[in-house]
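Student: Taken in order, these protein sequences are the chains called A and B. Residue numbering for the first sequence follows the numbering used here, beginning at 1 and increasing consecutively. Residue numbering for the second sequence follows the numbering used here, beginning at 1001 and increasing consecutively.
Simulated from the structure, these hints should not be mistaken for lab results. Because the structure is a prediction, the values reported are computed rather than measured. Ideal Cβ placement from N, Cα and C applies to all residues, glycine included. Please note: incorrect hints may appear among the correct ones.
[To be verified] For lysine to any residue, the following SDA-like pairs were computed, each having C-alpha atoms within a straight-line distance of at most 20 Å:
1) A:Lys69 / B:Ala1122
2) A:Lys40 / B:Ala1152
3) A:Lys47 / B:Asp1097
4) A:Lys39 / B:Gly1088
5) A:Lys40 / B:Val1150
6) A:Lys31 / B:Pro1093
7) A:Lys69 / B:Pro1093
8) A:Lys39 / B:Gln1094
9) A:Lys40 / B:Leu1078
10) A:Lys39 / B:Leu1165
11) A:Lys7 / B:Leu1078
12) A:Lys31 / B:Arg1115
13) A:Lys40 / B:Pro1093
14) A:Lys40 / B:Gln1094
15) A:Lys181 / A:Arg21
16) A:Lys39 / B:Asp1137
17) A:Lys31 / B:Asp1123
18) A:Lys40 / B:Arg1075
19) A:Lys69 / B:Asp1076
20) A:Lys40 / B:Gly1061
21) A:Lys40 / B:Val1178
22) A:Lys31 / B:Asp1097
23) A:Lys7 / B:Asp1077
24) A:Lys39 / B:Gly1125
25) A:Lys40 / B:Asp1155
26) A:Lys40 / B:Asp1077
27) A:Lys39 / B:Ala1122
28) A:Lys47 / B:Gln1094
[Stated by the list, open to error] Just a sample of chain B residues kept apart from chain A, beta carbon distances all over 12 Å, derived:
29) Thr1008
30) Arg1021
31) Arg1024
32) Glu1028
33) Gly1061
34) Leu1073
35) Gly1088
36) Glu1089
As a plain string of letters, each chain reads:
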Amino acid sequence: MVPSLGKDLLGLEHLTPEQIRLILDTAEPFKEVSERPIKKVPTLRGKTIVNLFFEASTRTRISFEFAEKRLSADTVNVAAQGSSVQKGESLVDTAQNLEAMRIDMVVVRHPSSGAAKFLGDRIRSNVINGGDGMHEHPTQALLDMLSIRDRVGHIDGLKVCICGDVAHSRVARSNIWGLTKLGAEVAVCGPQSLIPGAIEELGVTVFRRIEEAIEWADVLNVLRLQLERMKAGYIPSIREYYRVFGVTLERVERAPRDLVILHPGPMNRGVEIDSRVADGPHSVILHQVTNGVAVRMAVLYLLAGGQPELAEAAKGSDRGGAV
Amino acid sequence: MNPSYNETVLDTGAVADVLKRMAREIVEFAGGTDELVLVGIQRRGSDLAERLSRLIADQAGAQVPLGVMDITLYRDDLQTVGPRPVVGETRLPQQLDHKWVMIVDDVLYTGRTIRAAMDQLADFGRPARIGLAVLVDRGGRELPIQADIVGAHVDVPTGERVDVLVTELDGRDAVELVDGGKT
Chain A
1 MVPSLGKDLL
11 GLEHLTPEQI
21 RLILDTAEPF
31 KEVSERPIKK
41 VPTLRGKTIV
51 NLFFEASTRT
61 RISFEFAEKR
71 LSADTVNVAA
81 QGSSVQKGES
91 LVDTAQNLEA
101 MRIDMVVVRH
111 PSSGAAKFLG
121 DRIRSNVING
131 GDGMHEHPTQ
141 ALLDMLSIRD
151 RVGHIDGLKV
161 CICGDVAHSR
171 VARSNIWGLT
181 KLGAEVAVCG
191 PQSLIPGAIE
201 ELGVTVFRRI
211 EEAIEWADVL
221 NVLRLQLERM
231 KAGYIPSIRE
241 YYRVFGVTLE
251 RVERAPRDLV
261 ILHPGPMNRG
271 VEIDSRVADG
281 PHSVILHQVT
291 NGVAVRMAVL
301 YLLAGGQPEL
311 AEAAKGSDRG
321 GAV
Chain B
1001 MNPSYNETVL
1011 DTGAVADVLK
1021 RMAREIVEFA
1031 GGTDELVLVG
1041 IQRRGSDLAE
1051 RLSRLIADQA
1061 GAQVPLGVMD
1071 ITLYRDDLQT
1081 VGPRPVVGET
1091 RLPQQLDHKW
1101 VMIVDDVLYT
1111 GRTIRAAMDQ
1121 LADFGRPARI
1131 GLAVLVDRGG
1141 RELPIQADIV
1151 GAHVDVPTGE
1161 RVDVLVTELD
1171 GRDAVELVDG
1181 GKT
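The task is simple: from the sequences and hints, build the whole structure.
Tutor: Here it is as structure tokens:
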């Protein structure tokens, strides 16, 4: 039985390892679609997808939009600026109004944790979480895993350290769930003020020093230091952060293994990561961006694909390539 | 309830003979091998295309470009057939313009796979001519599509299924009638 994803993709916490592998494996052939002279297949022709972004985003929104367009879906972008939109009723109102115009899927980014599930429970359209508060950002973690798998060949048994502002990071949470389900060992490293207290409960190791993390890891996923949070006094200064926790070329070169370096972007060069590392041979950062489109195509394709009860009925009539 | 049974239509030796004949006919059809390109449809069609390319190399002494194509993304029934199997690889030769492209598949049935394959080819280039070679034509067309080269015509009674087995995937070559009870 081929696993299905169900109606929505809200996060990786509740997916099975088989479902995660299905998405990664499905992304493989979609990489090639983006290399074609005509970068478009008719798979989602006639589907309408709304990208509902209540929070600023460049990379994720553009990546979803490319994925949708390369599958021939019709797309509408709705950018509702965070300050004017209240959580709760108005989110549902917006979505229900969109649904009344007969849409098929919603990609939602929202500053409140749980917003994607809230929406998914209330509308019939498929909902994809494009990042909700400090909760999850599943497609980012999936493209991170795909990029690791491309470089190393596998995820099982790898040691992956997530570095930096783990406390505020939905990317970190999705990565921790996804990677541990696929058999990787996960650690986090950062200043105490940016590491959540009970993080060990997720089965991760905590390093207080970046040197120890680099000594241990095969892969570093370097998170963006969310400079807008600087005012809250989580770290003393940017300069000190770089000196103590920055992923510098000197530190990377001292690693006992050939490190793989990821960063979800946008990068603060010279804050959490050294430019020479970001642009160097260990970095797969641009490859992550390329993979983002393929992973999102895979998710859209899998969520759009048929209802399970019809699939049961269609089974068996599809043998021998004779459809 | 009838017990399930298999009836052999072509055994291993017969499949080998049929493929040799098909290889000759493909070269005749394309007027030589200069502009010929073989494109197999995943999965068994791509195995058959590879065999045919080796046979053409033996018979005509020419290595013809070989491609594979997964037509899943061009199907017209995505709504009803999910959850989807993983999509296979598509890898086509760089240049299809002005070529004689021979699509290779195992079974020709409704014609919908071939419709999808032609749509996909059109997004990669503009061949001078597209042909179709199938190991088995089992009838039952739902679209006005026909094969140019056919290994065997098989009359499939209602409630039965024709299976093409290839060594690469199934451990042996054969064409069998199977009492599917569900087709």
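Student: Hint by hint, note whether the structure agrees.
Tutor: Consistency of the hints with the structure:
Proximity of Lys69 (chain A) to Ala1122 (chain B) is assessed by CA-CA distance (about 18 Å); at most 20 Å being required, the pair is judged to hold. Distance restraint check for Lys40 (chain A) and Ala1152 (chain B): the Cα-Cα separation of roughly 36 Å exceeds the 20 Å cut-off, and the hinted pair is therefore not satisfied. Simply put, Lys47 (chain A) and Asp1097 (chain B) have alpha-carbon atoms about 31 Å apart, too far for the 20 Å limit, and the pair is violated. For the hint pairing Lys39 (chain A) with Gly1088 (chain B), the CA-to-CA distance comes to about 17 Å; that is within 20 Å, so the pair holds.
Between Lys40 (chain A) and Val1150 (chain B) the CA atoms are separated by roughly 32 Å; this puts the pair beyond 20 Å, and the hint is violated. For the proposed pair Lys31 (chain A) and Pro1093 (chain B), the alpha carbon gap of about 17 Å is at most 20 Å, so the pair holds. At roughly 25 Å between alpha-carbon atoms, Lys69 (chain A) and Pro1093 (chain B) are farther apart than 20 Å, so this suggested pair is violated. For the hint linking Lys39 (chain A) to Gln1094 (chain B), the alpha-carbon distance of about 15 Å falls within 20 Å, and the restraint holds.
A hinted pair counts as satisfied when its Cα atoms are at most 20 Å apart, and Lys40 (chain A) with Leu1078 (chain B) qualifies at roughly 16 Å. Distance restraint check for Lys39 (chain A) and Leu1165 (chain B): the Cα-Cα separation of roughly 34 Å exceeds the 20 Å cut-off, and the hinted pair is therefore not satisfied. A threshold of 20 Å between alpha carbons decides the hint, and for Lys7 (chain A) with Leu1078 (chain B) the separation of about 15 Å falls inside it, so the pair holds. This hinted pair does not check out: Lys31 (chain A) and Arg1115 (chain B) have alpha carbons roughly 24 Å apart, beyond 20 Å.
Using a Cα cut-off of 20 Å, the hinted pair Lys40 (chain A) and Pro1093 (chain B) holds, with the two alpha carbons roughly 18 Å apart. A distance of roughly 17 Å separates the Cα atoms of Lys40 (chain A) and Gln1094 (chain B); the hinted pair therefore holds under the 20 Å criterion. Simply put, Lys181 (chain A) and Arg21 (chain A) have alpha-carbon atoms about 10 Å apart, close enough for the 20 Å limit, and the pair holds. Restraint check for Lys39 (chain A) and Asp1137 (chain B): not satisfied, since their Cα atoms lie roughly 33 Å apart, outside the 20 Å limit.
Using a Cα cut-off of 20 Å, the hinted pair Lys31 (chain A) and Asp1123 (chain B) holds, with the two alpha carbons roughly 16 Å apart. With a C-alpha separation of about 14 Å, the suggested pair Lys40 (chain A) and Arg1075 (chain B) falls inside the 20 Å cut-off, and the hint holds. Taking the CA atoms of Lys69 (chain A) and Asp1076 (chain B), the gap is near 18 Å; set against the 20 Å cutoff, the hint holds. Pair hint Lys40 (chain A) plus Gly1061 (chain B) does not hold up; C-alpha atoms about 37 Å apart against a cutoff of 20 Å.
Proposed proximity of Lys40 (chain A) and Val1178 (chain B) is contradicted: the alpha carbons are some 38 Å apart, above 20 Å. This hinted pair does not check out: Lys31 (chain A) and Asp1097 (chain B) have alpha carbons roughly 23 Å apart, beyond 20 Å. Restraint check for Lys7 (chain A) and Asp1077 (chain B): satisfied, since their Cα atoms lie roughly 18 Å apart, inside the 20 Å limit. Under the criterion of a C-alpha separation no larger than 20 Å, the hint pairing Lys39 (chain A) with Gly1125 (chain B) is consistent with the structure, at around 13 Å.
Our distance criterion of 20 Å between C-alpha atoms is broken by Lys40 (chain A) and Asp1155 (chain B), whose separation comes to about 38 Å. A C-alpha spacing of about 18 Å is found between Lys40 (chain A) and Asp1077 (chain B), which places the hinted pair at or below 20 Å, so the restraint holds. Restraint check for Lys39 (chain A) and Ala1122 (chain B): the C-alpha separation of about 13 Å stays at or below 20 Å, so the hint holds. Between Lys47 (chain A) and Gln1094 (chain B) the CA atoms are separated by roughly 31 Å; this puts the pair beyond 20 Å, and the hint is violated.
Every CB of chain A is more than 12 Å from the CB of Thr1008 (chain B) (nearest about 15 Å), matching its label as outside the interface. The claim that Arg1021 (chain B) is not at the interface with chain A holds, since no C-beta of that chain comes within 12 Å of its own (minimum 21 Å). Arg1024 (chain B), annotated as away from the interface, keeps every beta carbon of chain A farther than 12 Å; the closest lies near 24 Å. A cut-off of 12 Å between C-beta atoms confirms that Glu1028 (chain B) is not in contact with chain A; the least separation is 25 Å.
The Cβ of Gly1061 (chain B) lies farther than 12 Å from every Cβ of chain A, with a closest approach of about 30 Å, so its non-interface assignment holds. Not every CB of chain A lies more than 12 Å from the CB of Leu1073 (chain B), the least distance being 4 Å, so the non-interface label is violated. Residue placement check: Gly1088 (chain B) does not keep its beta carbon more than 12 Å from all beta carbons of chain A (closest about 7 Å). Not every CB of chain A is more than 12 Å from the CB of Glu1089 (chain B) (nearest about 6 Å), against its label as outside the interface.
In this structure, the earlier hints numbered 2, 3, 5, 7, 10, 12, 16, 20, 21, 22, 25, 28, 34, 35, 36 are contradicted, and the remaining ones agree with it.
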